Structures are given as C-alpha cells and as structure tokens.
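Residue numbers (the numbering used here), protein chains in the order written: chain Y, 1 to 431; chain G, 1 to 219.
Keep in mind that the hints were calculated from the coordinates and are not lab data. Quick caveat: nothing in here was measured; it's all calculated off a predicted structure. Take the hints with a grain of salt, since some may be wrong.
Stated by the list, open to error - Listed next, with one range per pair, are the computed distances between beta-carbon atoms:
(1) G:R208 to Y:R287: 50 to 58 Å
(2) G:S167 to Y:E362: 43 to 51 Å
(3) Y:A332 to G:R208: 36 to 44 Å
(4) Y:N378 to G:M1: 53 to 61 Å
As the list claims (entries may be wrong) - Taking beta-carbon pairs under 8 Å as the criterion, some of the chain G residues facing chain Y (in silico):
(5) D3
(6) T7
(7) H17
(8) N28
(9) C40
(10) H41
(11) V43
(12) H50
(13) Y54
(14) T114
(15) G205
(16) R209
(17) F213
Cβ coordinates follow ideal geometry from the N, Cα and C atoms, glycine included.
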Amino acid sequence: MTLRESATFDRPTIAAIQRAAETGVYDIRGWGAKRSVPHFDDLLFLGASLSRYPLEGYRERCGTDVVLGGRHATAPLHLDIPVTIAGMSFGSLSAQAKEALGRGASEMGTSTTTGDGGMTPEERGQSRTLVYQYLPSRYGMNRDHLHAADAIEVVLGQGAKPGGGGMLLGQKIGDRVAAMRTLPAGIDQRSACRHPDWTGPDDLAIKILELREITDWRPPVYVKIGATRAYYDVKLAVAAGADVVVVDGMQGGTAATQEVFIEHVGIPILAALPQAVQALRELGVHRTVQLVVSGGIRTGADVAKAMAMGADAVAIGTAALIALGDNAPRYAADYAALGSAAGFYDFQDGRDPAGITTQDPELAARLDPVEGGRRVANYLRVLTQEAQTLARACGKAHLRNLEPEDLVALTVEAAAMARVPLAGTTWIPGT
Amino acid sequence: MIDLARTPLRALNRELHAPAGDAYEVLNPRGAHAVAAGLCHAVAVEIRGHVGYYCAGMNQLARVTVHGNAGVGVAENMMSGLVRVRGDASQSAGATAHGGLLVVEGSASMRCGTSLKGADVVVGGDIGAMSAFMAQAGRIVACGDAAEALGDSIYEARVYVRGKVASLGADCVEKEVRDEHRAEVAALLAAAGFEHDPRDFRRYGSARRLYHFTRGNTY
Numbered sequence: 001m002t003l004r005e006s007a008t009f010d011r012p013t014i015a016a017i018q019r020a021a022e023t024g025v026y027d028i029r030g031w032g033a034k035r036s037v038p039h040f041d042d043l044l045f046l047g048a049s050l051s052r053y054p055l056e057g058y059r060e061r062c063g064t065d066v067v068l069g070g071r072h073a074t075a076p077l078h079l080d081i082p083v084t085i086a087g088m089s090f091g092s093l094s095a096q097a098k099e100a101l102g103r104g105a106s107e108m109g110t111s112t113t114t115g116d117g118g119m120t121p122e123e124r125g126q127s128r129t130l131v132y133q134y135l136p137s138r139y140g141m142n143r144d145h146l147h148a149a150d151a152i153e154v155v156l157g158q159g160a161k162p163g164g165g166g167m168l169l170g171q172k173i174g175d176r177v178a179a180m181r182t183l184p185a186g187i188d189q190r191s192a193c194r195h196p197d198w199t200g201p202d203d204l205a206i207k208i209l210e211l212r213e214i215t216d217w218r219p220p221v222y223v224k225i226g227a228t229r230a231y232y233d234v235k236l237a238v239a240a241g242a243d244v245v246v247v248d249g250m251q252g253g254t255a256a257t258q259e260v261f262i263e264h265v266g267i268p269i270l271a272a273l274p275q276a277v278q279a280l281r282e283l284g285v286h287r288t289v290q291l292v293v294s295g296g297i298r299t300g301a302d303v304a305k306a307m308a309m310g311a312d313a314v315a316i317g318t319a320a321l322i323a324l325g326d327n328a329p330r331y332a333a334d335y336a337a338l339g340s341a342a343g344f345y346d347f348q349d350g351r352d353p354a355g356i357t358t359q360d361p362e363l364a365a366r367l368d369p370v371e372g373g374r375r376v377a378n379y380l381r382v383l384t385q386e387a388q389t390l391a392r393a394c395g396k397a398h399l400r401n402l403e404p405e406d407l408v409a410l411t412v413e414a415a416a417m418a419r420v421p422l423a424g425t426t427w428i429p430g431t
Numbered sequence: 001m002i003d004l005a006r007t008p009l010r011a012l013n014r015e016l017h018a019p020a021g022d023a024y025e026v027l028n029p030r031g032a033h034a035v036a037a038g039l040c041h042a043v044a045v046e047i048r049g050h051v052g053y054y055c056a057g058m059n060q061l062a063r064v065t066v067h068g069n070a071g072v073g074v075a076e077n078m079m080s081g082l083v084r085v086r087g088d089a090s091q092s093a094g095a096t097a098h099g100g101l102l103v104v105e106g107s108a109s110m111r112c113g114t115s116l117k118g119a120d121v122v123v124g125g126d127i128g129a130m131s132a133f134m135a136q137a138g139r140i141v142a143c144g145d146a147a148e149a150l151g152d153s154i155y156e157a158r159v160y161v162r163g164k165v166a167s168l169g170a171d172c173v174e175k176e177v178r179d180e181h182r183a184e185v186a187a188l189l190a191a192a193g194f195e196h197d198p199r200d201f202r203r204y205g206s207a208r209r210l211y212h213f214t215r216g217n218t219y
C-alpha cells in the first residue's frame, strides 16, 4: 500500500501540534514567513527588442544614486545605490555584526539602520550614513543619539509582525544589552506594540513635529509600516509629514516572534507596493516622498522589479545576514548540534554559530567585522550590478527610470497584486 | 523673554538649543506643541501659559516650568533636569523618561510614566488609567488616587500612591513599605515641594511573573 501524506495535516503541521501539546507555549522563532506567497519571482522583465532600444549591458552608464528625504529635511540623504540595510537591533545581532553591516554599507555608499535597543558606538563609528529608529519601546533612545543620526525612522510596525511588539529571548539579554535597554539581564524582553505617547495619525504629525524641532529640522524623518492596509497607512504617513515611507512586507525578518504571527499577519510586499504607490500618486507626492520597500529582497532582480513598480529604494535584512555568513555550510556541525541545519537556522536562540545573531562573546568573536563588511559590500555590489543589467536591457540609463510597463506577471495572482499584465496578454485582473 | 505670539516656534527652540543666556521666559505659548523640546543646556525656562504636546520633550539638564497646563507627553523621554507643571498634565506625562524629575502639581491623565526608564515623576493630585504601564525603572509618586490598571506589565519601577488604587494591571502587586521606601518617598516629596506624610503612601511593583514566556503568561 502506498503511504499518502495529508495535505491538510502535513508533517510540519503534525509536528506543530505535537510541540504545542508537549510544551503548552506557542512557538517563538526568528526569520520571516516561510510559507510560499506571490513574490517578485512571479514577475518578468520585457527586455528591449525592435520596439525598445537597449543599452550596452556592461559599459553604458546606468545611474544608481538616490536622494531620500528632501521633502522637509534640510539634510536629505544622498545614497550611491538604492539598496539600504534595514533596521536590526544590537541585541538581536552582535556588536560585530552591526559594525560589519556599517562597514559594508559605507563602502558602497548606502545607509544602515539601528534597531530596537539603541545606537552602538561600533555601528555609528563604521556607518557613514546611519538611520536611527524611533520605536515604541524607546529602548536606548536619547537626545544625543537623535542628533548623531543622519535620518530618523519612526517605526509603527514591521512586516513580520504588524500590530505586534518585539520579542528578544533571555539568552540575548546579556549585561550590555540589558543596560542599554534598562532591563534586568536574562529576562525574555517584550517591546511595546504601540508608541507610549501618541495614539493615531493626528498625534503622529505632532510627534514628527517634535522630532524635527529637537533636531532643528536637519535629518529626514521616515515612517516605517508593516504591510497591511498599505494604501491608507501610506496616505496617513504622508499627511503626518513623513519625508520617506518604508513599507515592509510579510516576508521581512524578525529576531523573534510568535510563529502564528509571522505566518498569518500582513501581506506580501508584491501586494503592498502598488497600494503604496497609488497612495503617493493620488497625493501628488510620488518621488517627492520617497518609498522604500523591504521584505524578501534577495537579488538584483528583486531590486529592479521593486523599483519598476515605483519604489525609490529597497532595504535588506535577512539577506544581509546571510551575506555576512549566517547559515553557512561551514558551520553545519554546529547547526546540527542545535537541532537545526545550515539553511534552516532561525536566529532566535542566541547560539548562532556564525557569531551574528548572538550575544555570546565567544560566538560573536567568530565574526570578523572587517571581513564581514567586505562580504556585505560584495553582496550589495552584486545586487546593484544585477539591477543595472536588467535596467540596461530595458533601455534605462538610471534605475529610477524603470517602470511598470517593463514588467509582466507569470500568474494571475501576481498580475492582480502587482497590477501589471499577465504575460502574453493585456489583462490586469481587477482593472 | 521670547513671545511666541511674535516668534516662530522654530526660532524659540533654536535659541534654547544654543542659548545665549541662562534664563528665559516664554510668553503666549497658547497650546503650542514641542515648546522647549530637545534642550541640552542647564538653562531655566519659565513658560507663562498652557502648552500642547511634548513640552520639554527629551529634556537634558534644563529646568523648565510650565505656568499652566501641559498637553500629551510633557517631558517625554527626559534624560535629566527638572520639569515642573503648575497645573494639570494630559496623557503620557514623563513617558519613557530616563532621568531627571517631573513634577505635576495638579493631576496627570492616563499613562503617566508609561515605559518609564529611570526618571522620577511626582504628581500632586491623581494619576490616570494605565499609569506606569511597562515602567522599567524610576519612581512614580501619586499624592492622590490612581485609576484602573496601575502598573500593567511593570518591570522594576516603583510606584507609590497615597490615595485609592482603582485596580492593578497585569503582574502588578502591592508590596511591603519598609523604612528605605518611606525615606525614598520623603526625598521625592521634598524635591517636588509637597508636604505629605511618607507613611501615608503604599508601594506597588512587579510580581515578576511575566519576565519569561511560559504557559503561565495568560491574562
């Protein structure tokens, strides 16, 4: 008799039920959504042919720079490439990892971002352009760091858990992390899910005013949202005075959150991005208020497709950690000892063999920030080159010139979400 | 003296960020937001009238007095210094403040001292619902009553209430008041300029049952 696996009760589902029955506690893990969702892979570029004129793929100039935050700030950011490093906390990551990200981003002329837990000297020192996150927890928040920032990102949520606060398990709350967050060492840390001193979009406008007054209107103010009701949230963020809006799709990573949250809350970035662009266009501020998107950006193709759909830049998180060396096969034995495997390790338990998502001094020392920075820079370089190659094939002399007309979709779902035609047709479902 | 009826807010704050003097008087605030926000010098600022949101936000070193009522988030994320409100304060007074002393001579509304991170807050009257929510460190003294859900999810902050407490939030419990606590209350009352008997105050803090994610974490 042939064994038949249930599609409804597949092996991961059975394992989850058994784990719940054994422990009585919901599963908490890092990484991001692991389910398959419509993504940039479901889009294709229409390269030039008789009706379009391409640029030489290796030699002809294809610009990559971007200016972020010129709407109200007196010192907008000028980045050489439109790929930025997303917010990840010191606490979730080791100090060495934060320094390495800063080094890599600086080498490529782009920005990196702090996270829940404040700004470290290692990160500030090695980041030419540093975005300082202003989160509900306000862990480590202080005026001097606000002034030391090149931009401020008011975080309302992230794609992995929109509507949910942060978690950081006790294994990562070492003495330094605890002191920066004013918490007892070793506790399982919660971060508030809502800001402590404002409760809606009208209040947010006043909060942004305060941040500008404190910093004398110098740094740009971003507003970051987890992708849910992107159309409305982007409109409200713009009305509140944001210089830049960041939309993080459900594939975006997290240090630790309930599994049920990661897999069941939020929408893919492919669905959120057109909503955000529509909102900006209707307000007449597309390209004036820049749009940064994140959540599952892995390749130059993802970068180019996001920009063709209307984003001004993208942010990478999980991919940057992989570039640093996370989940590398050379640590296969260590991952196996943790009950995981290279390619499956989820960040949350604090025993990262690669020294990246850990506060264990011995493990963290495995990561050389200089070498890590070189790897991150290399990865950013490849992303940019790949995006340029695709842009040139579409006849574009700058990445920002990519447009929806350059894209088609492979599936009906992707066509409906991305609002581009199904390949070989002129059909955009829903229009 | 700076008159906000004739001087833009931005000019006021720029002057206070790089002060030419050590004492300022601000006239006609008329409920303006972010008045005296982001100060970082040991200046004295007397504000004559009511202010809106985030007055003295992120204050560092300065001594700011509001001769009126204060809107949402007065002295939010204060690092050091002294902020005194002669009247009442709206929601989230002293939210996330790391250091310094906030005195509200009247009452403070909801979420007073929410996510407090080390500052001291002394309120002459009552404090509203959800006060000391997730408060991590520092002291809150309420000379009047406390409304519902006091100290919900509180960490290591200490809360003292002289009057009635409507209810306690998740993981917040009443604790024994020992001599060191009475001395602490006496010192805070003296710093704030209130004359109450420290023995009249009861102490509240964390039961520390929510410090780890376990199957008992249900409320």
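Status of each hint after checking the structure:
no., hint, in the structure
1, G:R208 to Y:R287: 50 to 58 Å, "holds (51 Å)"
2, G:S167 to Y:E362: 43 to 51 Å, "holds (47 Å)"
3, Y:A332 to G:R208: 36 to 44 Å, "holds (40 Å)"
4, Y:N378 to G:M1: 53 to 61 Å, "holds (59 Å)"
5, D3, "violated (18 Å)"
6, T7, "violated (14 Å)"
7, H17, "holds (7 Å)"
8, N28, "violated (17 Å)"
9, C40, "holds (6 Å)"
10, H41, "violated (12 Å)"
11, V43, "violated (15 Å)"
12, H50, "violated (15 Å)"
13, Y54, "holds (4 Å)"
14, T114, "holds (4 Å)"
15, G205, "violated (13 Å)"
16, R209, "violated (11 Å)"
17, F213, "holds (5 Å)"
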